[in-house]
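Visitor: The chain contents come next:
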Amino acid sequence: DAKTTQPPSMDCAEGRAANLPCNHSTISGNEYVYWYRQIHSQGPQYIIHGLKNNETNEMASLIITEDRKSSTLILPHATLRDTAVYYCIVRGSNSGGSNYKLTFGKGTLLTVNP
Amino acid sequence: DAGVTQSPTHLIKTRGQQVTLRCSPKSGHDTVSWYQQALGQGPQFIFQYYEEEERQRGNFPDRFSGHQFPNYSSELNVNALLLGDSALYLCASSLVGRNEQFFGPGTRLTVL
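Just so you know, the sequences run in chain order A and B.
For the record, in the first sequence the residue sitting at position 93 is 100 according to the working numbering, with numbers rising by one throughout.
For the record, in the second sequence the residue sitting at position 72 is 235 according to the working numbering, with numbers rising by one throughout.
None of these hints come from the bench; they were simulated from the model.
Note that the coordinates shown come from a computational prediction; the quantities given were computed from them, not determined experimentally.
Hints may be right or wrong, so weigh each one.
Claimed, not checked - Anything over 10 Å on all C-beta distances counts as not near chain B; from chain A, calculated:
| id | residue |
| --- | --- |
| 1 | Lys10 |
| 2 | Asn26 |
| 3 | Glu65 |
Stated by the list, open to error - If you only want the chain A side, here are some residues facing chain B, beta carbon under 7 Å, derived:
| id | residue |
| --- | --- |
| 4 | Gln49 |
| 5 | Gly112 |
| 6 | Lys113 |
Glycine is no exception: its CB is placed at the ideal position from the N, C-alpha and C atoms.
All chains should be built: construct the whole structure from the sequences, respecting the hints.
Guide: Below is the structure:
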């Protein structure tokens with residue numbers, strides 16, 4: 008799996024958009040970008056994933072650059088409950104391949120301030 | 164729709180003992196993965212089970228073993244516990260061919 012680089016911490020004001028960057032310059036053509044978050048003392052929570060097109064769901068938006076070497080997770084209106092460690096993970100497709108595991112780094116601690 | 168459940172929530176053992184942790188996957192899921200999360204670190208992949216067989220394994224010694232039952236639930240067994248085995252053990256379930264893994268709340272194991 009390609010290595011990812013994330014800032015160790017970020018702050019965001021409540022109600023504002025939180026933009027979390029991730030660098031994955033060695034990503035290969037069949038690898039997806041996944042985002043998970045982990046609120047203190049809970050299991051990680053799946054947020055979103057994408058291959059090359061931008062993706063949006065009820066939780067967040069994922070913007071992947073055209074060269075796929077970096078991406079940004081956007082929480083459009085951050086709340087205090089969004090305070091968590093956010094993990095950016097690169098992994099190959101689950102279908103037909105053998106690369107099933109998620110390789111977590113240390114992630115970004117996002118603190119949403121009132 | 165029940166999510167991933169794990170038991171017990173907390174566990175205290177002494178060095179050399181053996182422990183069994185249990186996981187029930189999310190309804191409809193057939194694949195279970197186990198992760199170990201030490202304090203201040205991201206989760207580390209232990210192994211994954213599908214169709215009652217270990218499909219992939221991370222860099223963990225043979226003291227760590229697992230099992231998947233016909234109802235897709237799973238157990239993680241750790242023998243000859245070491246102090247360094249103290250961690251949060253997470254179970255994640257998924258459906259074969261789908262990319263998302265859904266995690267349970269974890270079991271906090273403390274080895275004294």
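Visitor: Confirm or reject: A:Glu65 is not an interface residue toward chain B, with every Cβ-Cβ distance exceeding 10 Å.
Guide: Its Cβ never comes within 10 Å of chain B, the nearest being 14 Å, so this holds.
Visitor: Regarding the hint that A:Lys113 lies at the interface with chain B, is the smallest CB-CB distance below 7 Å?
Guide: holds, 6 Å
Visitor: For A:Lys10, is the shortest beta carbon distance to chain B beyond 10 Å?
Guide: The assertion about A:Lys10 holds, with a minimum of 13 Å to chain B.
Visitor: Let's test the interface hint: is any C-beta of chain B closer than 7 Å to that of A:Gly112?
Guide: holds, 6 Å
Visitor: For A:Asn26, is the shortest beta carbon distance to chain B beyond 10 Å?
Guide: Holds: least Cβ distance 21 Å, greater than 10 Å.
Visitor: Regarding the hint that A:Gln49 lies at the interface with chain B, is the smallest CB-CB distance below 7 Å?
Guide: holds, 6 Å
The earlier numbered hints are all upheld by this structure, with none contradicted.
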